[in-house]
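Asks: Sequence:
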Amino acid sequence: MAISAVNPDRTLAAIEEVILATKRHSIALFGGTFDPVHFGHLRMALELRQALGFDEMRLLPSHQPRHRQTPGVSSHQRCAMLALGLQGCDELQLDERELLRGGDTYTVDTLEELRAELGPQVSLSFCMGLDSLLSLHRWHRWQRLLELAHLVVVTRPGWQLPEVNEANGNPELAELLLQHRGTLADLHELASGRLVLREQTMLPISATQIRQLLGSGQSPRFLLPATVLQYIEDHQLYTKAVATGDQ
355 MAISAVNPDR TLAAIEEVIL ATKRHSIALF GGTFDPVHFG HLRMALELRQ ALGFDEMRLL
415 PSHQPRHRQT PGVSSHQRCA MLALGLQGCD ELQLDERELL RGGDTYTVDT LEELRAELGP
475 QVSLSFCMGL DSLLSLHRWH RWQRLLELAH LVVVTRPGWQ LPEVNEANGN PELAELLLQH
535 RGTLADLHEL ASGRLVLREQ TMLPISATQI RQLLGSGQSP RFLLPATVLQ YIEDHQLYTK
595 AVATGDQ
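With the first letter of the sequence shown counted as 1, position 39 gets the number 393 in the working numbering; the numbers rise by one all the way through.
Okay, derived cross-link-like pairs now, SDA-like style, lysine to any residue, Cα gap no bigger than 20 Å in a straight line:
1) Lys-377 - Gln-404
2) Lys-377 - Gly-536
3) Lys-377 - Leu-549
4) Lys-377 - Glu-543
5) Lys-594 - Ser-429
6) Lys-377 - Gly-547
7) Lys-377 - Asp-409
8) Lys-377 - Thr-537
9) Lys-377 - Glu-410
10) Lys-377 - Leu-472
11) Lys-377 - Val-550
12) Lys-594 - Gly-571
13) Lys-377 - Ala-405
14) Lys-594 - Val-427
15) Lys-377 - Leu-544
16) Lys-594 - Gly-569
17) Lys-377 - Gly-473
18) Lys-594 - Gly-426
19) Lys-594 - His-430
20) Lys-377 - Leu-406
21) Lys-377 - Leu-502
22) Lys-594 - Ser-560
23) Lys-594 - Thr-562
24) Lys-594 - Gln-572
25) Lys-377 - Gln-475
26) Lys-594 - Gln-563
27) Lys-377 - Arg-469
28) Lys-594 - Ser-570
29) Lys-377 - Val-476
30) Lys-377 - Asp-540
31) Lys-594 - Gln-584
32) Lys-377 - Arg-403
33) Lys-377 - Gly-407
34) Lys-594 - Gln-431
35) Lys-377 - Pro-474
36) Lys-377 - Ala-539
37) Lys-594 - Arg-575
38) Lys-377 - Leu-538
What the hints contain is simulated information worked out from the structure, not anything from laboratory work.
Turn these sequences into a full structure, and let the hints steer you where they fit.
Replies: As structure tokens, this is what we get:
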């Protein structure tokens with residue numbers, strides 16, 4: 355009996371068909387106060403979408419209580435600046451739901467709302483930084499988060515996850531890391547439930563830095579989109595603001 359040769363192109367095509375068949379529509383959320391939005395925010399969100407293969411990347415400006423807002427800068431203005439920063443970039447979308455909801459709002463509420471809209475099959479990922487991961491056990495109804503979505507934790511290259519265990523007083527987080535660590539493939543094969551670490555080089559730009567420059571009468575040009583800077587100048591934002599923390 356003659357043995358036919360294996361066609362590598364056909365084999366690769368078959369593998370790709372299997373991958374596509376198991377891949378879910380994937381949506382990632384990138385939250386923040388964006389006070390103001392800058393190139394560090396935008397570049398990180400774009401790289402995450404491209405590197406991890408998300409079908410959608412939504413930027414989610416968070417609601418801030420009035421006593422925590424930057425003086426003279428409203429939630430509406432933060433959202434308007436973000437919309438300007440996203441102009442011309444079809445790969446990133448604005449999701450205003452937390453601002454429209456108003457009042458006290460929590461990540462778990464947003465994820466529950468999205469899951470109800472999207473159904474159980476869509477892969478949903480919430481992107482966060484290392485500081486958020488290490489304080490996750492203090493978030494409102496944090497145990498529910500992984501039932502609703504994946505968590506993508508962005509870290510700097512070469513960073514090592516610090517030891518987290520019962521001995522150092524963080525048994526809840528230790529259990530979460532033990533039970534839910536996943537791979538990049540999980541973000542597309544499963545709808546929720548995995549914690550994935552993603553190394554990424556970050557631009558050394560902060561909203562605090564921009565607010566400080568503006569407050570001292572200096573220009574933050576080339577740190578944020580020109581349209582955003584024009585909006586800031588037109589509305590005379592941050593001119594007397596005192597930066598109290600990075601966003």
